[in-house]
Amino acid sequence: MKLHEYQAKQLLARAGIPIPDGRLATTADEAERAARAIGASVAVKAQVHVGGRGKAGGIRIAKTPAEARDAAKAILGLEIKGLRVEKVYVERAADVDRELYLGITLDRDRRRPVVMLSTVGGMDIEQVAATDPDKIARGWPSPLLGLLPFEARALAFEAGVPEPQRDAVADIARKLFTVYVQTDASLVEINPLFVQKDRSLLAGDAKLDVDDNALYRQPELAKLKEISRDEEAEEKARALGFSYVQLDGDVGIIGNGAGLVMSTLDAVKLAGGRAANFLDVGGGAKEEVVRNALEIVLANPRVRSVLINIFGGITRGDEVAKGILAVIATHPPRVPLVIRLSGTEAEAGRKLLASAPLESRETMDDAAKEAVRLAKEPVRV
Amino acid sequence: MSVLLDRNTRVVVQGLGREGSFHAARMKEYGTKVVGATKPGKGGTTQEGVPLFDTMAQAVDATDANTSIVFVPAPFAMDAMLEAIDAGIDLVIAITEGIPVADMLKVAAVLETSGTTLVGPNGPGAITPGQAKVGIMPAENFSPGGIGFVSRSGTLTYEIADLLTRAGLGQSTCIGVGGDPVVGLPTPDAVRLLNEDPATEAIVIVGEIGGSAEEHAAEYLRAEGKKPAVAFIAGRSAPPGKRMGHAGAIVSGNQGTAESKVRAFEEAGIPVANAPSEIPDLVKQALRR
Numbered sequence: 161m162k163l164h165e166y167q168a169k170q171l172l173a174r175a176g177i178p179i180p181d182g183r184l185a186t187t188a189d190e191a192e193r194a195a196r197a198i199g200a201s202v203a204v205k206a207q208v209h210v211g212g213r214g215k216a217g218g219i220r221i222a223k224t225p226a227e228a229r230d231a232a233k234a235i236l237g238l239e240i241k242g243l244r245v246e247k248v249y250v251e252r253a254a255d256v257d258r259e260l261y262l263g264i265t266l267d268r269d270r271r272r273p274v275v276m277l278s279t280v281g282g283m284d285i286e287q288v289a290a291t292d293p294d295k296i297a298r299g300w301p302s303p304l305l306g307l308l309p310f311e312a313r314a315l316a317f318e319a320g321v322p323e324p325q326r327d328a329v330a331d332i333a334r335k336l337f338t339v340y341v342q343t344d345a346s347l348v349e350i351n352p353l354f355v356q357k358d359r360s361l362l363a364g365d366a367k368l369d370v371d372d373n374a375l376y377r378q379p380e381l382a383k384l385k386e387i388s389r390d391e392e393a394e395e396k397a398r399a400l401g402f403s404y405v406q407l408d409g410d411v412g413i414i415g416n417g418a419g420l421v422m423s424t425l426d427a428v429k430l431a432g433g434r435a436a437n438f439l440d441v442g443g444g445a446k447e448e449v450v451r452n453a454l455e456i457v458l459a460n461p462r463v464r465s466v467l468i469n470i471f472g473g474i475t476r477g478d479e480v481a482k483g484i485l486a487v488i489a490t491h492p493p494r495v496p497l498v499i500r501l502s503g504t505e506a507e508a509g510r511k512l513l514a515s516a517p518l519e520s521r522e523t524m525d526d527a528a529k530e531a532v533r534l535a536k537e538p539v540r541v
Numbered sequence: 003m004s005v006l007l008d009r010n011t012r013v014v015v016q017g018l019g020r021e022g023s024f025h026a027a028r029m030k031e032y033g034t035k036v037v038g039a040t041k042p043g044k045g046g047t048t049q050e051g052v053p054l055f056d057t058m059a060q061a062v063d064a065t066d067a068n069t070s071i072v073f074v075p076a077p078f079a080m081d082a083m084l085e086a087i088d089a090g091i092d093l094v095i096a097i098t099e100g101i102p103v104a105d106m107l108k109v110a111a112v113l114e115t116s117g118t119t120l121v122g123p124n125g126p127g128a129i130t131p132g133q134a135k136v137g138i139m140p141a142e143n144f145s146p147g148g149i150g151f152v153s154r155s156g157t158l159t160y161e162i163a164d165l166l167t168r169a170g171l172g173q174s175t176c177i178g179v180g181g182d183p184v185v186g187l188p189t190p191d192a193v194r195l196l197n198e199d200p201a202t203e204a205i206v207i208v209g210e211i212g213g214s215a216e217e218h219a220a221e222y223l224r225a226e227g228k229k230p231a232v233a234f235i236a237g238r239s240a241p242p243g244k245r246m247g248h249a250g251a252i253v254s255g256n257q258g259t260a261e262s263k264v265r266a267f268e269e270a271g272i273p274v275a276n277a278p279s280e281i282p283d284l285v286k287q288a289l290r291r
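Those sequence lines, one after another, are chains B and H. 161 is the number of the first residue of the first sequence in our numbering; add one for each residue after it. 3 is the number of the first residue of the second sequence in our numbering; add one for each residue after it.
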């Protein structure tokens, strides 16, 4: 789950990391008042859950409250990568001398957090990581001990942070690590970390993603969750215990198990089609589960055929087939269905499906081909 | 022989709830020695014929268990795994899904200084067909033989085991390493076990997008592979930035792509199946070479 910059900055401030004076605004009036209260040049920044907002016109500098009003008017309502800007953060402009980068995330290979510090902040840090990896100092603190003072110092030395800021940067790194642990973050980043002309440090921007698996113990953060238009179906599916991702094709996909569903998507692509979604119903496929899953997939108007790929394991194939038959008897779907059953009692299941108004195929490859063919057929009236 | 589990495997169940007791019964049916379960406060009693213990230490003392299987819900799973490690168990198999990454980082750090092997979490467990099953997989789809099988997935593992079994390719040990970003026995380590196992004639590796475990497994086999291997990668058509069901199945930037994994295997001389259905034939070809 992603937090907005202003939310992340509040968490940083609580940990003792210096942030600029700032106020949230949802209207041009509020932005003007915020700039007046701050009493200096401000940055007006779109609060949206995507990167690259600066390039998209989502950040403007305003020298006066009137300019802040105009800036907010221009930014509010803007669409950035498909997301509508509904709030801006009005923040005192920094007196920037140079920009550092500080970030903490998971290193999957080492199974440890990795703390990254660089004196080449501000620009696209992923670009620096790719072309100039030596410019980023890295440390892997123990998850049992946290970022120790000597480790933070070593990072500051390795990154080449100049002497006047060295101790302060090391201190901020340790504080940021505390935020990382306390918020169950999967990523926390200060980029840029400003060094101001008076040599003080200030978090210029902040990014914080929370581990979804940990939200149950982060009630305060869980309340900050915002669901965009794109994510409504995903949220609805999640509430039913499904895992759903909307894609841009026209073959609806339902399956049990993440790996099996991913393979089904791949099979559709190999057959020359495009999947409309990823939907994992989890274990089993009882009648109610199939009905709910179909409802979610068919809510997407682009769907022209649905491929159901179920492995009968603990839930036997014949029981799965009965569930599917019951659903199409009571809720006939608006598009053709292709069913592929495999695993335990799959043959018995296929026999049950033989006379039903649907296509049943023995292999995933054949089922994918059929679903792709049906999606390309003219709509039946 | 086999890896991780065999006829001498003695299992304690941690979390004998609805799912735990259902699968404990299936494991017993398969012939696995389920010697006890932990249920704090119920020590000394039995449930469905399984002796209950208050703590893992007591269970290990009383039963000589060498393996545990964890079904406890995610908020309590770290504690269960650490309790099993502390009790000196050789093998912990964690089925639980949805454990916070921070908890798994702590468990991984403790594992580094212990003699315990952890398989999972968020996986189906492991099975040495004909000898022991410690997991939730449907036993019918597996058969004894010489194919070592490592997978990050659940049902896809059953599907492929079923395909192998129907093609007459039995399995030495199948290890479901789990779909989380941080697991106890990552794919390369599981591959290493099978590579060193005399009973394993060939290795099937089923990976998916996210992380770089498959790349490391390919590197390892390229340098030290003793037997033929075949790979399959799920998620070739997945868009970047989207988590595909498994917490660990996500392409971030240019990291964790299917292309990178396929390339790594091909460069190591390991054929990569385009679909699960191609796996049995590729294995047969690899065994003939």
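Everything labelled a hint here was simulated from the structure, so no lab data went into it. C-beta: ideal position from N, C-alpha, C; glycine also. Hints are supplied without guarantee of correctness; some may be wrong.
[Claimed, not checked] Short, incomplete list of chain B residues facing chain H, as computed with Cβ under 7 Å:
(1) His209
(2) Gly237
(3) Ile240
(4) Leu308
(5) Phe310
(6) Met422
(7) Lys429
(8) Ser502
Check each numbered hint from earlier against the structure, then list the numbers of those it violates in ascending order.
When the structure is compared with the hints, numbers 1, 2, 3, 4, 5 turn out to be violated.
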